[in-house]
Each structure stands twice: as structure tokens, then as C-alpha cells.
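Undergrad: Residue strings, one per chain:
There are 4 protein chains.
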Amino acid sequence: MAIFNGKKYNETEIGFGSKNYRDSVRFFNSDGSVNVWRTGLGKLNNIDIYHWLIKISLKNFIFLVITFYAIINIFFASIYFLLGANQFGGITSVSALDQYLDLIYFSSQTITTVGYGHVYPMGHIASIIASIQSLLGLLIFAIITGVLFGRFSRPKDTLLYSNHILIAPYRQIKGLMFRVANKKQFELIENEAKVVMTTKNPENNKREFYTLNLEIDRVNFLALSWTIVHPIDDKSPLFGLSIDELNKRDVEIIILIKGVNDTFSSSVYSRHSYKSSQFKENVRFIPLKQDVDNRGKVVVSVNDIHLHETV
Amino acid sequence: MAIFNGKKYNETEIGFGSKNYRDSVRFFNSDGSVNVWRTGLGKLNNIDIYHWLIKISLKNFIFLVITFYAIINIFFASIYFLLGANQFGGITSVSALDQYLDLIYFSSQTITTVGYGHVYPMGHIASIIASIQSLLGLLIFAIITGVLFGRFSRPKDTLLYSNHILIAPYRQIKGLMFRVANKKQFELIENEAKVVMTTKNPENNKREFYTLNLEIDRVNFLALSWTIVHPIDDKSPLFGLSIDELNKRDVEIIILIKGVNDTFSSSVYSRHSYKSSQFKENVRFIPLKQDVDNRGKVVVSVNDIHLHETV
Amino acid sequence: MAIFNGKKYNETEIGFGSKNYRDSVRFFNSDGSVNVWRTGLGKLNNIDIYHWLIKISLKNFIFLVITFYAIINIFFASIYFLLGANQFGGITSVSALDQYLDLIYFSSQTITTVGYGHVYPMGHIASIIASIQSLLGLLIFAIITGVLFGRFSRPKDTLLYSNHILIAPYRQIKGLMFRVANKKQFELIENEAKVVMTTKNPENNKREFYTLNLEIDRVNFLALSWTIVHPIDDKSPLFGLSIDELNKRDVEIIILIKGVNDTFSSSVYSRHSYKSSQFKENVRFIPLKQDVDNRGKVVVSVNDIHLHETV
Amino acid sequence: MAIFNGKKYNETEIGFGSKNYRDSVRFFNSDGSVNVWRTGLGKLNNIDIYHWLIKISLKNFIFLVITFYAIINIFFASIYFLLGANQFGGITSVSALDQYLDLIYFSSQTITTVGYGHVYPMGHIASIIASIQSLLGLLIFAIITGVLFGRFSRPKDTLLYSNHILIAPYRQIKGLMFRVANKKQFELIENEAKVVMTTKNPENNKREFYTLNLEIDRVNFLALSWTIVHPIDDKSPLFGLSIDELNKRDVEIIILIKGVNDTFSSSVYSRHSYKSSQFKENVRFIPLKQDVDNRGKVVVSVNDIHLHETV
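Protein chains in written order, with the working numbering: chain A, 475 to 785; chain B, 475 to 785; chain C, 475 to 785; chain D, 475 to 785.
Check the hints yourself; a few may be wrong.
As the list claims (entries may be wrong) - Derived SDA-like pairs (lysine to any residue); straight-line CA-CA distance at most 20 Å:
| # | chain 1 | residue 1 | chain 2 | residue 2 |
| --- | --- | --- | --- | --- |
| 1 | B | K630 | C | L532 |
| 2 | B | K763 | A | K657 |
| 3 | C | K630 | B | Y743 |
| 4 | D | K630 | D | Y743 |
| 5 | A | K648 | A | N687 |
| 6 | A | K674 | A | L610 |
| 7 | A | K657 | D | L518 |
Note that these hints are calculated values from the structure, not bench results.
Construct all of the structure, not just a fragment, from the sequences and the given hints.
TA: Put into C-alpha cells, the structure is as follows:
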């Protein structure tokens, strides 16, 4: 291909095909998730329930559990009510509504296995259904235990990326630079970065992908911050291109970082992308202040990775 | 070996030996499982109970839990009944059957730890057995919790393979092509493919295995679909062979794909195989429609990976 | 070193030092565990309780749980008894022994959270202790749930090794051969083998370790059986040595196999060792019978991997 | 750079930047944790609660659970008390304090699901709140189960490092040596070591990092002890430097060891660092005594790895 300064570059296949979408479409959302929705197997078959329960927000998850708890108690209370309140010992209410409510409480006492026993099943059918409900309760809470463990133990991306990607002075030339830091107190180790540029080829309107060389593509620790630098030398597909031209070609810089969560020795994959609107020229990053506090600890303010100044 | 156009190819050892079976025998079932059954250590010693509980269908698992629940309650109720209903407080039934049923309910209230208490153990032996049963209940539900978590958290193969494998035009020559897509909404990353052809050698009636070169054998994302292509150039063991000849040699194409489940950073192994009856010639895949929906998401219909057209 | 046919071989460091023990000492036990006991940090500091609970036999684990359950109930019942049975409602026994036993049952009903309630704490101190006991019960069963899950989900070595290691005809020369098979129905994939020979150097009485070249050191599947072959060519440290000489040098063949459990995508490490008494000469393995049963499955009897015949 | 004997060495990037702190600041604490504190996202946003619960000491964790249990019971008891003790059946106390205490016991019986039932909710609001509390109890104990499992199943660093790092005779030259051993009875396999020296460059007052060559950088087993040796030949950045000079340059030797816990096949990362005050010259390690006990086991006292003697 000849669009970059009359030179040829090797394309990379990362799995997004070569179709070009309208310019506002990103390959990655701001949270690093892939901007693709799969359909075609029927309404629910593309959904994996466990993954869905793991990935919905904590607020939604709690809401879901409470809703489910309400529904299942109403469901069983209705069955019990149809059997008749006289199938249960300890129900002294006389109005149907009070009896129904008492049976809701009884249902909740059964499904959570709290079983006070001031209300208890007397008739055979009521006893059998209560027996099934308590089994169901144990199974449900076994599932909830598993999902909760799955939720908080799964390796989560805790990287913070600088808001902008800079074209800044680098040695004698320029470099494409961004910074990352770990937002959390636990350590990320054995970190590796891969940076891919995707661009529209104006001649055939196809998407093309190029891996960008990095000055340093792995660090053992992400203890402070990491400035990832692609030197824009004459081998770079960015060489000699202005930000205007990058905009015209709808450039997106895709970042893939893999590290290891030091607490659990589990791999963590982080993704981020910068659209050409996030590029800045003639600026440089301000080095992070690293101080030693009175405990002898090196203190770094991760939020400062965004800071840059005009050259 | 000389059966392929008078050229020699290096054999691959993937672990299936060199014995040739009758033509209808596949090395892999359609769900990707290996078509082998191991015996020789006594009836149950080849079974690992935990693996078995993990792999049986959800329907069978639920059936098993309910059956087990019924049996264990009948078992303990029988012991309690032999001890005598007068060992228990709160049993007002007079007929033996009613008493037996009451003891079944009591057993279920004990093993689930719901313990209403309208029936309770009074005698020493009854109290001790109930105490053991409630311990047993906790252990059993600890196991069920673990098995349920094991069931839904284990990395599952969610790849969809095109129904056919095509011998389609590829650049100036032909290529062996099939397509895969992820059926689910979560992402598979760092995907690697290995394709092995197994064929009967007509001269010595032995099985032989050959690794097929792939145009691209790894992609970072399996976001849309992936067309895996083996170029049938003069270095390919498929070069110049007709589908008829592939049939005669009982060719099976074995596909091994390894990826990483992006939600859990866990490795996923997928397997598939195509028998020669699934080959098609003089056709090509229809590119998948990739649209952008009103949320700005790229939408792809995974079921379309099967679609192909005559050239 | 000059002990092997006047040739030099490169030693391997696998981590067992170079000290030579008396001949009956193995580096590996027959179950693959390393035959080393570490001391020096005080009686219990070398033990990790979780690992210990994971690795003791199921029988011992069950015994431990029951013993612990008995002791903790006796402990709490003793406290309750010291407080006085009149601190509890529902105790109608008059003899001290009966009261003590009733309190044991109450304790077990509290710790398992079954809580029938026919006996219940009335006094303040009794209520507080019962409240603490039920918390303790939940924590203990949380731990037991975790340990049980840890026990059955941990990757276990399920390889069966042939009883003998053979020096058998191999192409034009001889080969050192043994066979392995997976005892269980689930699959082991991506298997890799490393074979190390350790020998006493008669000149300086030191242990030496040599990695042995293998004909094939990895297979994708361990579906049937795998014959691992070290060709005894003139580059092998075994070349020209008789079994008598191997005995004199107290040779131990150490085998390290790494695979992936296909159900959980977890790595499995298997170890085995053969002492020179397990060598056999002038025999060869009988190929395993592989039949197709009426379900179309390839059936293999893993126990047949031991079978060999005189050449 | 010219500070080491007029020779140039390649610097290593491990992720700690090039800023030099006052000499007493270590990069690693004695427990191997990284000596960095991240701030900048608001008081709590740098904390991950799950990681925090996993990493606090067992004593603090137990204290936390008990405190939380007390607070939540006081909280619910207060709500119940505000509703009025007459909303509950079975409360016979007349003084407000006794009623409040009874409601605390009731709360604990509800949240642990022990539910004796001698006290039980009668009014509608009390029943609903008790029903919510029992749900909350199950969720909380699901979380505690997960955290406890996370705590004891996470791969922990169990390496013991010798107190000193020695500059000892090694073949014809000298070597930098330290010893490691596994403190626990389970095995660590597939161990790999990386050793990095960090030093102050007196010319520009910057930190520099150099990877040190190792004689052997991996062993299959860490069964006994492992002496890790960096030969101080003329290619070493330590060549010709006295301990005094190392002190002046505030040298810190950083050790990264990765192994696999053999019981769980999980990766374990261990870190350690030696400051120049821990260097010793003209001494050598005393070989560990390895005896065979009456069970035929090789016994090694790991605490002896510290022992050294004057040359």
C-alpha cells in the first residue's frame, strides 16, 4: 500500500476484518469493551447467563436478587394460599389478606432456612412443597454464593490511561506517547503492551491495521506509571502525518496490555483506544511527582498521569 | 510416503495412534468431545465423580439432586421410624403411614437446616441421628455449592463452526476454508488455530496425520467471524486431490482452537472436525453483513457464517 | 565426566543437588510425590493447614470433620452446662447427664443453624454464647465448603504408567520405552514429557542428572496411550550399558509430564520414576487393542499398557 | 555509562523509573511487597475491597467479622425495638433493656438462619424486615464464604531467603550468592529466577537497573535448597567493586522468582531484595545437611540456609 509516504508496511490481523464503518464508530468503548453485538441464534441463545450475572453492575445485581426473592416468595405463598391456610399450623389471622401475608413470611422463612416454626406446614401437600422449597432455597443460595465469588474474584482491569495520546519530542525525533498507571493498591506484574493503529485507506475505503513498534513493550512492575512510547521514525506508519491527516483517515490507536494480578497470580487483560480527536501535538507529559512519605513509602498520585504541558 | 502426488510430507503426532477404523468412526464427536471410551480398571475406577457431575446436562443434574434428596430423606425417615415416632415431639399423627410421612418431612427440615421445630427429636438416639443428619446436610450442600460453581464457572467452548468446509478460490489458487464465530456476547481473545488432516494410507491401511499450513493462525479478537484458510499450494497434502479421492481416503479435518475467555482470563479449548462428506467445492463464503445499530454498536449475525454461494 | 563410554554429557540441574544417598532411597515415591521432608522452623511452621486439608485422604478428612464436630459440641455443651440448664427453655430432663446431653443436642442444632427451637437460650449469657456459636458455625461451614471445593476441583494427576520400563528394539537400534495412559474418561490435552536419568558417579560418589532425548515429547491428545521412547543411540548416556551396570549405578529414571485437563483448562503435572529394578530387556510392548463398540466409540483398555512380550 | 570499570552495560527497565530517593528507601519491603502507595482518585477509590479483605491478617479479618456481626445485630435490633417488642411473639421480658437484648438475640438468630423460633416476628412490618434480614444474612455469608476461600486458596509466597547475600569464592573467580528454600511441605516446581541490581549513578544521581547473569536460572524442583549464583566475571557490573563502593551507590539486589505450586498448579511469584548492608565478603555458605530418616525420607532443615562460614 502506498498511502503512507510512498512506503509499504505490513498489515496486522487482530480480528476486526477490513470493513470501514462511519467515522463515529469505535472498535472499543471507553471501558475497553469490544463494540460488537452478536445476534442470530434466537433472542436468548447469544446470552450466557453466568457471564451476564458476573458483568452487570453491583446495583443491578442487588436489585435482581431482591426482585427474585420477592417473586419467588409470592409464587410459593400463592401455592400455599391455594392449598389453604388451614394446612399450616400457627396461622391465627382470619382475613384472607393477613393469611396470604403470613404465608409470604412463611415462604421466606422456608427458602432462607431460617424456619422459626411459629408457622409450620401441617398437611401432607404443604409439607412436601415446603420441603421442595427449602431444597430450592439451598440451591439458589449455592448459585448466589458462586456468582458472588465469581463477581469479586474475577480479574478486573484496573489500569488508568492518560486522557490524551501525545505526539511529543522523543530523543532527536518525535514519539507517540501515552501513560498508564494502576488505579489500585495491589500490584500488576509482568506487564506487556501491544499497540495497533487502525486507519481507513482512502483509496479503497477499507480498514487497515498496523502494529506500532514500542521503545519498551514490557515492564516487570507497574508500580508507578508507565509511559509507552512509539518512536515516529521513518519506519513508522505515522511518520510525517499531521493530526489533520490522522483525523481524515479516522485513525484509532488500539492498546492491548496484559499483566498479572500479583495477589492472585491471575492474568489481567486491559484494552483502550484513542480516536484521533484525543491526539495532541507540541506538548509533553509532566513527570509524576514521586515523594517519600513519613512511613518511608514512595507515594505517587496516579491522577497526575493526565498532566502535560506545551513544549 | 508417496500417496500425495509423489511428494513427501512430514507426519504429525497428535495422539491418536496409527490404527485405521471403519470409515464411519470419527475421532471427534460433533460437540468436540474425543470419541474414545477408556476401560480396564474396574467398573467405576475410570469415572471421576466430580468431572461427571460437572459434565452431565443441567436437566440430569437437577434430576439427580432431587432424586438424591428424596432417597436420603426416605433413608433417614426409615431410621427414625424404626426408632419409633414417640422418640419425637410434636408428632400427633396416629396411623403408621402418617407418622412415617411426618418423619420424612422432619428429615427434610433437618437436612436443609430449616428446622421449624414443630416436630423435634426427644429421645437420645433420635437427637444424635438428627444431629448427624444436619451435619451431613451441610456437607452435602457444601458439595453442591462447589459443583454448581464448578459447572457454571468452567471455561466452555462457545465457538460456532460453519456447517461445511469449502475448497474455494483463494488468490490465484484454491484454499481450504471454514469459518468460526463466537456464539456468545463475551469476548474470546488471543485465539490460535491448529488444523490437522488425518487420512487413511491406502497402501498400508494406517492412519496418518498432517498439520496444514494456515494463512493466519492467530487473531487477537474473535469479535466478528474468522475465516481460517489453508492455501492449497503445491506444498499442501491436499494439492490436486478431488473430493472423491478425499472420500476414499476417509479424510477428517481436525481443528484445535485455543482462546482466552476475556471475562475470566481463562483458557478455552475448542475442537471440531469435518469429515469428507462436509466438503464442498466450487463455492465460496458470503461475507457477513456487519451493520451499525442505533446504539453505535457493530452488529453481526453469527448464524450467517454457514452461508456460501456457488462460484 | 568419563564414566559413560568415554564420552561427555551435559548435566541437567533439576533441583535435587548432587548428594548421593543409600541405594534404597528414591527421589520420588510411587505416587509421584517428592520424597523430601522439610524441618527447621518449629513443629507446625512447615505445615500449611489448607494444603494439608486438601491432600489428606477423603477417609481422614471425613473422620476429621466428624471428630471436630463432636469436640466443638462437647466444648459448647460444657459451657452451657456450667451456665446452668435453667438458662435454657425447653429442657425438661432432671438428671445432670440428661441435661448435659440435651445441651449437646442444642449445641449441634445451633452450630448447624438447624435450630428446631424446642430447646432455646433464655438467659442473656446463654443467648450471647449461642449467638456466637451460630456465627462460628457459619464460618466453619464456609471453610468446609471452600476446602471441599478445593479438594475436588484441584487438578489431579490421573496418569497410569506401565509397571516396567523396557529396553526394546527400536528401528535399527534399541530404545528406552514406557507407556502412559489417562485412567479417567476426561481428556488430557497439550501433553509434554521430560525424562531425566539420575545416576551415581562411582568415581566421586555424587549424583548426576541427564536429560534424555525423546523421539516425540509432546502430543495434543492423550486419548489412547502414549509410548514414550528414548532412542539409545551413541549420543545417549545409556548407550552400551547393561541392566547390571544400571543397577550398580543406582539409576533412577525421572519422568515429568505436563498436560492440560480439558474440562477445566487447568494444568496438570504428573511425575513418576523407575528404579533400575523396574527395567526389562529383550521385551517389547504389546500394542493396545483398540476396538469400536456398538456406540461407534473407540474403546481402549488402559490396564493393558503394562503388557509386554519377549522378543 | 562509564561508572563501572570504564565499561558499558545494558540497562533493564523493570518499572521503577529512574528517580533516586534517599538511601533508606527500599523498593521492596522485607515481605516482598512493593514499597509504593498510590493516591489521587479520592480517599477510597484506590482501595479494592476484595483485595483488602484477602490481604489483611487473619487476626484482623476475624476481628472485622465479629465487629460487623455485632454492629449489624445492634442495627436490626434497634429497628425491631423501634417497631415495638409487641410486634414479636415470645418476648416475655418487661424492662426495655431486656427487650432490646432479646431483640439482639432474635436478630442474630435471624441473620444466621438458626431461627429457634421461641421469639418470632408477629406484626407485618417486623415479619418483612426479618425476611429481609435473613436474605441479607445469606448474602453476607455467601460473601464470607467467597472471601475465606479466596484467602486460603490464593497462591502464597512460601520462599525463605538467606539473611545475607555473599560474595563468595566461585570456581576461579567470585560469585554473588544467596540461597532460597521452600518453607512448607508442598512442592514448588518449574522455578525461574531473575536477579536485578539497582544502583545510584553518582554522576547524575539517577537510579539505574541491571539484570545479572545467573549460573542456573531455573530448576524443576525446589525440593531441598537452591543456591542462586551470579558469577562476578569481567562482564558483571559488580566486577571489581568493593562492598564499600556498593554501599556508596546504595545498591539494592532485587530478586524475582516464579514457580508453580504443585498442589494447585497455580503460579507463585516471590520477591525479595537485599540492600548493601546485607552483603558479606570472604564467607561461603555451609552445605545443608541432608539426611535420610527412618521412613526413608530425605530430611532437610530449611533454617540452615542462613549458615555461612569465613573462608
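Undergrad: So, for every hint listed, does it hold in this structure?
TA: Hint check results:
no. : hint              : verdict
1   : K630(B) / L532(C) : violated, 29 Å
2   : K763(B) / K657(A) : violated, 39 Å
3   : K630(C) / Y743(B) : holds, 19 Å
4   : K630(D) / Y743(D) : holds, 8 Å
5   : K648(A) / N687(A) : holds, 13 Å
6   : K674(A) / L610(A) : violated, 55 Å
7   : K657(A) / L518(D) : holds, 11 Å
Hint check: violations occur at hints 1, 2 and 6; the rest are consistent with the structure.
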